[in-house]
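Visitor: Okay, here's what each chain looks like letter by letter:
Number of protein chains: 2
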Amino acid sequence: MNERQTAEWLMERDDFLILTHVRPDGDTIGCAAGLCLALRGRGKTAWVLENPEATSLFTPYLEGLTAPEGWSPDTVVSVDIAARGLFPENARCYLERVDLAIDHHPSQEFFARETCLDAGRAACGELIYDIAGLLGPVTREMAVPLYVAVSTDTGCFVYGNTTADTHRTAAALMETGIPAAELNKRHFRTKTLKRLRIESRIVEGMELFDGGETAVAAVDLAMVAQLGADERDMEDIASFVGQVEGVKNAITIRELRPGTCKLSLRTDPEVLNASRVCALLGGGGHAAASGATVEGSVEEAKRAILWAIEQVRHG
Amino acid sequence: MNERQTAEWLMERDDFLILTHVRPDGDTIGCAAGLCLALRGRGKTAWVLENPEATSLFTPYLEGLTAPEGWSPDTVVSVDIAARGLFPENARCYLERVDLAIDHHPSQEFFARETCLDAGRAACGELIYDIAGLLGPVTREMAVPLYVAVSTDTGCFVYGNTTADTHRTAAALMETGIPAAELNKRHFRTKTLKRLRIESRIVEGMELFDGGETAVAAVDLAMVAQLGADERDMEDIASFVGQVEGVKNAITIRELRPGTCKLSLRTDPEVLNASRVCALLGGGGHAAASGATVEGSVEEAKRAILWAIEQVRHG
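Protein chains in written order, with our numbering: chain A, 11 to 325; chain B, 11 to 325.
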């Protein structure tokens with residue numbers, strides 16, 4: 011369904027439960043809150059299913075919107091969920107009865123009865139904004155989580171997925187009077203001291219190969235334990251070394267437990283296909299960003315990925 | 011003059027020389043390049059005066075636009091220059107004969123015969139975009155430097171100066187087909203290894219006071235010499251410690267030469283007026299970002315600024 015059909019479809023229904031994805035980010039949470047408020051604005055009953063993995067960075071946007079225990083919905087809507095495997099544990103009971111999926115992932119699995127998909131959108135929040143605008147006026151209250159959705163999925167309008175439409179949506183959302191500067195400060199201009207210390211250790215320990223084109227960074231268990239870092243401190247750490255001037259292939263090795271490491275590879279996809287490299291190690295992903303989990307020490311993981319890069323380069 | 015009057019004024023004239031400010035940033039360079047190309051697009055002769063301080067980050071945008079030696083203009087236009095004191099050495103001969111100043115600084119000194127000022131714009135580039143659009147179609151070639159102007163002056167749409175209009179301008183510029191992802195990568199997602207090492211040293215050496223609300227970072231001569239860092243590596247270093255979670259007053263001390271230090275203070279202006287603090291040390295600036303140069307060691311500079319903060323707090 012397109013946005014207009016989706017808005018009409020929503021208007022014909024009531025008693026909504028909105029689902030978000032595992033390891034929830036700003037887009038899924040912001041979409042859920044924005045849609046929930048837009049439906050309530052049209053007199054509907056709407057709730058968001060609690061997501062136990064939501065961090066304190068995003069839970070404030072769900073205040074007053076989380077479904078009460080035992081609430082029985084008539085209409086189940088998923089936002090920003092591409093695949094069945096991305097349903098949180100407590101949402102799995104709805105797997106076979108999602109009435110509508112609203113999404114922007116090209117890998118959408120069409121698990122719902124109806125789907126509103128636009129893979130050209132940088133954030134699912136852009137789609138929800140359009141739908142909310144067809145339901146009624148988009149208020150400041152709705153605009154706050156929708157701005158969080160759109161800005162976080164584009165790294166605050168810096169990533170390559172950002173389009174002219176993304177900026178137009180941001181302009182419209184800002185015009186409702188949202189505290190954009192405060193939201194940007196919270197989501198893009200604040201780092202924990204632990205995170206900065208991890209970054210600092212990465213800089214000190216980073217190794218460069220191929221005349222500086224390939225960088226290898228390692229985060230081992232000892233480092234994480236010593237700094238007392240948690241998952242929030244580690245968010246998107248795989249993109250850190252890619253910013254070093256001249257680096258084209260950025261490798262981040264994270265020791266998950268003794269003898270097991272997670273490899274992340276970020277590349278310029280026109281030079282090296284990251285997905286092909288990681289496939290050689292049993293992993294996969296996108297051409298510009300892929301990963302694999304390998305058995306072995308940090309040192310062994312490093313040798314494995316450097317070997318795999320060589321294979322793809324000369325294969 | 012407003013934008014329309016300015017466009018008409020420009021159309022009536024020819025043989026333009028465009029001036030940029032000292033320590034040129036993306037806004038002044040992007041404005042100069044964008045305006046120069048827009049004027050040429052209307053068949054005018056237009057050149058940008060060379061700015062000897064322009065770094066390699068920005069000089070590519072001036073390729074083919076730099077005035078030939080001895081070029082004698084009929085019309086002199088300054089872009090993004092707020093004050094007489096901000097004219098580069100080689101532009102001082104034009105101080106008394108600037109025909110038009112286009113600017114967005116509230117501190118504009120009205121040194122030119124005509125002034126087009128809008129202090130509500132995040133970047134001077136927004137103004138130039140509007141003027142260019144009144145002169146004729148804004149091409150991709152003009153849009154590239156104008157996007158650099160608008161994006162760099164807002165930290166890529168993250169700073170508090172960003173408005174709905176800023177996003178609308180960005181949307182229009184992107185629609186001309188500029189390589190925005192590549193420009194963003196260059197200006198916002200790349201750091202030199204030396205810069206990262208300086209940041210890493212700052213994190214390791216940073217001191218916290220007032221239960222973590224005040225942070226003091228120091229960059230001394232030994233550190234800069236040891237890393238072989240230059241001015242490009244130091245750009246906007248004063249904003250680095252302000253990102254630490256919980257920090258409200260961010261102090262950066264940079265040793266300029268033995269016995270002389272530059273202090274930078276970033277604050278939440280509603281809690282502490284940075285300008286009042288720095289005034290006590292002979293400096294000044296804005297309520298949220300100020301500086302002062304003091305005689306003394308790094309340790310003495312630290313004591314001086316902490317003392318000044320106490321005075322303003324209890325004054």
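Simulated from the structure, these hints should not be mistaken for lab results. Some clues are possibly wrong.
All copies of an identical chain are treated as equivalent in the list; a pair is satisfied when it fits inside any one copy or across any two copies.
Calculated cross-link-like contacts (lysine to any residue; reagent style SDA-like; alpha-carbon spacing at most 25 Å) [said to hold, decoys possible]:
1. Lys-272 <-> Ala-181
2. Lys-54 <-> Thr-200
3. Lys-54 <-> Ser-66
4. Lys-54 <-> Arg-313
5. Lys-258 <-> Thr-125
6. Lys-201 <-> Glu-99
7. Lys-201 <-> Val-281
8. Lys-201 <-> Asp-175
9. Lys-195 <-> Gln-253
10. Lys-258 <-> Ala-232
11. Lys-258 <-> Trp-81
12. Lys-204 <-> Arg-286
13. Lys-312 <-> Glu-60
Visitor: Evaluate each hint against the coordinates.
Guide: Status of the hints after comparison with the structure:
Taking identical chains as interchangeable, the C-alpha atoms of Lys-272 and Ala-181 are never at most 25 Å apart, the minima being 39 Å within one chain and 38 Å between chains. In this assembly of identical chains, the alpha carbons of Lys-54 and Thr-200 never lie at most 25 Å apart, being 37 Å within a copy and 47 Å across copies at closest. Taking identical chains as interchangeable, the C-alpha atoms of Lys-54 and Ser-66 are never at most 25 Å apart, the minima being 28 Å within one chain and 57 Å between chains. Proximity of Lys-54 to Arg-313 under the C-alpha cut-off of 25 Å is found in neither arrangement, the shortest distances being 57 Å within a copy and 60 Å between copies.
Neither within a single protomer nor between protomers do Lys-258 and Thr-125 lie at most 25 Å apart by alpha-carbon distance, with minima of 37 Å and 45 Å respectively. Proximity of Lys-201 to Glu-99 under the C-alpha cut-off of 25 Å is found in neither arrangement, the shortest distances being 29 Å within a copy and 40 Å between copies. Taking CA atoms no more than 25 Å apart as the test, Lys-201 paired with Val-281 passes between copies only; the shortest distance there is 21 Å, against 32 Å inside one copy. In this assembly of identical chains, Lys-201 and Asp-175 lie within 25 Å of each other by CA distance neither inside one copy nor across copies; the values are 29 Å within and 28 Å between.
Taking the closest pair of Cα atoms, Lys-195 and Gln-253 come within 25 Å of each other both inside a single copy (21 Å) and across two copies (8 Å). For the identical chains of this complex, Lys-258 and Ala-232 are neighbours neither inside a copy (28 Å) nor across copies (31 Å), given an alpha-carbon limit of 25 Å. In the homo-oligomer, the alpha carbons of Lys-258 and Trp-81 never lie at most 25 Å apart, since the shortest distance is 50 Å inside one protomer and 42 Å across protomers. Taking the closest pair of Cα atoms, Lys-204 and Arg-286 never come within 25 Å of each other, the shortest separation being 33 Å inside a single copy and 32 Å across copies.
For the homomeric pair Lys-312 and Glu-60, neither the shortest alpha-carbon distance inside one copy (39 Å) nor that between copies (47 Å) is at most 25 Å.
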